[in-house]
Amino acid sequence: DVKVTQSSRYLVKRTGEKVFLECVQDMDHENMFWYRQDPGLGLRLIYFSYDVKMKEKGDIPEGYSVSREKKERFSLILESASTNQTSMYLCASSLPPRRFFGPGTRLTVL
Amino acid sequence: AQSVTQLDSQVPVFEEAPVELRCNYSSSVSVYLFWYVQYPNQGLQLLLKYLSGSTLVKGINGFEAEFNKSQTSFHLRKPSVHISDTAEYFCAVTAGGTSYGKLTFGQGTILTVHP
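Respectively, the protein sequence lines represent chains A and E.
For the first sequence, position 26 matches number 26 in my numbering, and the numbering has no gaps at all.
For the second sequence, position 102 matches number 1102 in my numbering, and the numbering has no gaps at all.
Don't take every hint at face value.
[As the list claims (entries may be wrong)] Pulled a few chain E residues facing chain A out of the computed Cβ check, cut under 7 Å: (1) Gly1101; (2) Gly1106; (3) Ile1110.
Calculated directly from the structure, the hints in this document are not laboratory data.
As the structure is a computational prediction, the values presented were derived from the model and not from experiment.
In this text, a Cβ means the ideal position worked out from N, Cα and C, and glycines have one as well.
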């Protein structure tokens, strides 16, 4: 079974803090993705990576950055967290057209 | 670029009634289509997918969907729902070819099954 794990299920941070969300997959997939999920908006793609050190912006990259130093790990970084980044964050990895989602991290920024 | 529209944000139904959750997409290239379900406080689970071949796709838990290329639709149906089908359902599309598996999601439809 493919496993996509995310470092935290729940996270509470303060405005202005630097936040790291970690995602690890164990299937040697090249493609990894970060989405955020908000009520009434579905899932929106923040960033994706198709190889180590390769990344591309998704639909809503503002306020976020990513890091992919190793194939199995894809990190989402909030340089200075803001309250409008309170959301559920979902990581995914894929071998097209199949993809696997992590359990999600619910981030609250106070 | 592709987009997905789920036409109903909420669908309330009674138990054992049939249900249809509507999904329309737009894309300039051939697509793969998916339906995901998210039960309360759980992660995303794949219900079914259309990649090629038969336009009627059967998934888990008695759900099925029909790909209609002329109407650019991929509606999800179940002939008789259960209380346990209460969840949020997401339609998603990805383009074929070298799209790196990028999924575009609809806004979600909350299905509530009442006894």
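These are the hints, each one checked on the structure:
Restraint check, glycine 1101 of chain E versus chain A: the minimum CB separation of about 4 Å is within 7 Å; hint holds. For glycine 1106 of chain E, the interface hint holds, the least distance from its beta-carbon to any beta-carbon of chain A being 5 Å, beneath 7 Å. Hint on isoleucine 1110 of chain E is violated. Least Cβ distance to chain A is approximately 9 Å, over the 7 Å limit.
When held up to the earlier numbered hints, the structure conflicts with hint 3 and nothing else.
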